[in-house]
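Number of protein chains: 2
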Amino acid sequence: MIPHLTTALSGPLLDLERSILNAMPAIEHWLRGQWQEHAAPFYASVDLRNSGFKLAPVDTNLFPGGFNNLNPDFLPLCVQAAMAAIEKVCPEARGVLLVPENHTRNTFYLQNVAALTNILRLAGLNVRVGSLLPETTAARTIDLPNGQSIVLEPLRRKGNRLTVEGFDPCAVLLNNDLSAGVPEILKGLEQPVIPPLIAGWSTRRKSRHFTAYDQVAQAFAKLIGIDPWLINPYFATCGQINFKERRGEECLAAHVDEILKNVREKYREYGITEAPFAVVKADAGTYGMGVMMVRDASEVLELNRNQRKKMAVVKEGLEVHEVLVQEGVYTYESVDDAVAEPVIYMIDHFVVGGFYRVHTSRGKDENLNAPGMHFVPLAFETSCLTPDFTGSPDCPPNRFYAYSVVARLALVAAAIELEQYPTEPELAATVA
Amino acid sequence: MIPHLTTALSGPLLDLERSILNAMPAIEHWLRGQWQEHAAPFYASVDLRNSGFKLAPVDTNLFPGGFNNLNPDFLPLCVQAAMAAIEKVCPEARGVLLVPENHTRNTFYLQNVAALTNILRLAGLNVRVGSLLPETTAARTIDLPNGQSIVLEPLRRKGNRLTVEGFDPCAVLLNNDLSAGVPEILKGLEQPVIPPLIAGWSTRRKSRHFTAYDQVAQAFAKLIGIDPWLINPYFATCGQINFKERRGEECLAAHVDEILKNVREKYREYGITEAPFAVVKADAGTYGMGVMMVRDASEVLELNRNQRKKMAVVKEGLEVHEVLVQEGVYTYESVDDAVAEPVIYMIDHFVVGGFYRVHTSRGKDENLNAPGMHFVPLAFETSCLTPDFTGSPDCPPNRFYAYSVVARLALVAAAIELEQYPTEPELAATVA
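Going down the list, the sequences are from chains A and B. For what it's worth, this note's numbering labels the leading residue of the first sequence as 1, then goes sequentially. For what it's worth, this note's numbering labels the leading residue of the second sequence as 1, then goes sequentially.
In case anyone wonders, no lab produced these hints; they're calculated from the structure. Be careful, since some hints might not be right.
The list treats identical chains as interchangeable, and a pair is accepted whether it falls inside one copy or across any two copies.
[Said to hold, decoys possible] In silico lysine to any residue, SDA-like type, Cα no more than 20 Å apart, as pairs:
(1) 266 - 236
(2) 88 - 26
(3) 88 - 33
(4) 222 - 26
(5) 261 - 386
(6) 261 - 102
(7) 309 - 145
(8) 222 - 94
(9) 310 - 416
(10) 244 - 33
(11) 88 - 35
(12) 244 - 28
(13) 88 - 25
(14) 88 - 39
(15) 187 - 378
(16) 261 - 160
(17) 261 - 26
(18) 222 - 32
(19) 187 - 308
(20) 266 - 72
(21) 88 - 38
(22) 187 - 154
These numbers come from a predicted model, not from an experiment.
Just need the whole structure built from these sequences, with the hints factored in.
Listed below in structure tokens is the structure:
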């Protein structure tokens with residue numbers, strides 16, 4: 001049984017969903033134009049928040065880790081999109097080496113690797129999985145909770161080629177966000193690395209993403225005649241934070257204050273009675289570490305030792321010095337009173353599905369992607385490609401279509417963002 | 001309830017399906033290469049015959065008329081493929097004018113038009129349907145058996161643009177095979193016409209298609225190491241036939257004789273005990289008119305008046321002077337003892353689904369697409385994109401994958417074929 005989904009919708013979002021649905025031909029035409037100008041990332045997932053009055057992306061992941069959570073009915077959609085992606089990025093490829101994250105004990109994550117491997121195989125590639133972990137010295141099979149299994153093999157560098165035993169791949173597909181920096185073994189490869197190394201967190205900054213999104217949201221809002229705030233959270237950055245040594249907290253407090261003030265104004269304009277909140281998170285990094293919700297600027301000045309410690313490092317021990325302050329967007333979607341956050345999956349510029357992160361013990365203003373958090377994934381029942389023109393603007397196919405539009409706006413932003421980072425050779429030159 | 005599908009499979013096809021499945025990465029890589037060299041038609045359907053010892057295309061339709069027969073579960077796949085097709089062929093288009101066949105009393109066909117319209121709308125286009133029929137002088141709504149309805153509007157020519165009232169489309173999408181020639185109103189349009197007019201039967205010849213297919217089948221057979229005959233029916237053409245005046249029948253008899261002889265040899269080689277047969281059909285035209293099955297060359301010399309009359313004209317009264325003689329491929333697929341012929345649907349170069357034409361009162365060597373024939377469509381239950389590597393070579397997902405491969409070979413042939421016809425301006429120059 002799939003639980004019933006309830007959303008407390010108020011006026012503005014219904015208006016927004018209606019605006020999106022009515023403007024569909026203009027939107028798809030505009031998006032086609034964007035993809036003529038910008039190359040879509042190979043794949044991505046976008047975390048959305050649907051607050052009833054606002055629908056906005058809060059995070060764009062270029063190394064998506066939940067393909068196993070998608071509705072299996074939409075596997076053909078993933079395969080078809082992967083075929084299109086391969087044609088664009090590496091048409092000559094026969095064999096691809098998939099390099100996953102190092103959490104080999106997280107069998108949920110490994111199910112994602114298995115799902116991704118399956119999609120790529122069905123798209124016609126030979127796929128092997130190469131582990132960055134030094135303790136992987138021989139191929140080993142890991143059994144997965146869903147009855148499948150996966151083989152992890154040690155990566156071998158041969159000159160400027162990345163290989164595994166008996167397999168010299170045409171391309172390297174990263175499913176590792178490089179939070180710990182770019183491993184030596186991945187540097188200067190002659191094979192194409194997809195997504196490029198600069199899409200990892202050692203280069204990428206959320207602030208760059210949301211700066212690009214600002215621009216995209218402005219253009220889109222103008223296109224369909226809406227207030228861009230309805231799809232775009234306010235944000236600001238502080239570049240010189242040291243949580244351990246309590247430096248830069250005033251900058252943070254000032255930005256939090258500014259953002260809360262701006263949000264308060266917008267809430268007043270739209271008659272929203274909720275209390276505004278802001279989210280403070282590491283500008284580089286993922287997995288919901290280094291994330292904090294605040295309702296008042298004073299909170300960032302009064303952090304206790306544990307809170308500061310929690311904010312100071314993200315995944316793989318990376319230290320946090322750059323921080324993003326983002327308008328908090330309430331989650332008003334729920335399943336049996338549990339908060340539900342939609343995550344949209346894309347391969348190339350095609351929306352291939354999505355799921356809800358459902359968490360029963362969290363509030364609507366909390367981060368659902370927290371460390372150690374065991375959300376229940378709830379796959380979307382219908383695709384995001386088949387809005388129902390005769391249905392209400394908020395019936396599931398139409399809501400999912402609205403999600404697909406906002407997620408693709410974030411994807412356009414990611415494409416623009418990626419154009420702005422130095423390429424790997426440029427990066428190497430800077431370091432050297 | 002969906003009937004159980006049974007196929008009497010013998011050795012060679014199981015071998016063929018196994019060869020296709022095993023070579024999947026090589027096949028998809030090779031196909032990617034083909035699509036780098038040749039532009040896929042906007043859409044197509046391919047009639048296949050699965051004889052147990054042979055799997056081959058017998059007809060490739062560039063104006064497919066059965067989108068309504070596809071499994072509705074795969075609508076998202078159609079939408080995604082249509083998005084990709086539009087991006088390639090007419091990225092700038094917002095509005096498209098669909099020009100269907102003239103059979104307005106065939107509500108089954110009109111359901112196809114409605115299904116196609118829906119796919120294009122979901123892909124983000126404004127779509128209107130313009131009728132070529134002179135009696136369509138005002139917009140009229142036609143109710144369809146499935147409860148939907150469709151609006152047909154009179155076409156208006158404005159200078160070199162094709163329009164309907166209040167709608168100036170960016171592109172014209174033909175779902176009309178132009179059997180009666182190219183109507184004046186479609187000539188010299190400044191809007192892109194998709195597929196191009198030269199894809200219609202006033203230019204197209206089946207023999208050109210199968211000549212191109214010969215070449216494709218050879219290359220493919222070499223790629224996966226099989227006898228090309230297993231996927232390719234013998235054929236020959238006669239260019240100077242006049243059935244009414246009984247001219248050219250000796251040429252036809254000679255070709256039938258030659259083909260039957262060659263097939264007999266192949267049957268002997270593979271230990272097939274069935275009697276070979278040949279199909280005689282109009283080289284230009286469709287809808288199963290002007291089609292005849294023969295088991296001996298003498299049959300074409302002994303045609304009675306009715307048979308000759310039947311062969312002399314195809315759809316829309318077009319006279320038949322060029323004839324294709326094709327090796328007959330037995331249909332060994334059946335549903336409850338009814339013969340079932342698979343039809344594969346493609347948008348751009350993506351296989352989006354298929355169905356079986358099921359006919360209870362016909363034999364395994366008869367043409368299932370005969371005039372007035374009311375077949376029962378049986379939608380494929382699974383997609384053609386998700387072969388099961390752990391299943392038997394003949395389990396449905398693997399059989400459908402084999403279908404998708406052979407259908408795409410025919411699509412490559414269609415792409416090559418279309419490159420060979422003169423373009424519309426060249427054609428106009430020749431006529432003038």
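- Query: Which earlier hints turn out false for this structure, listed by number in ascending order?
  - Reply: As far as the earlier hints go, 5, 6, 7, 9, 10, 12, 15, 16, 17, 19, 20 are violated by this structure, in ascending order.
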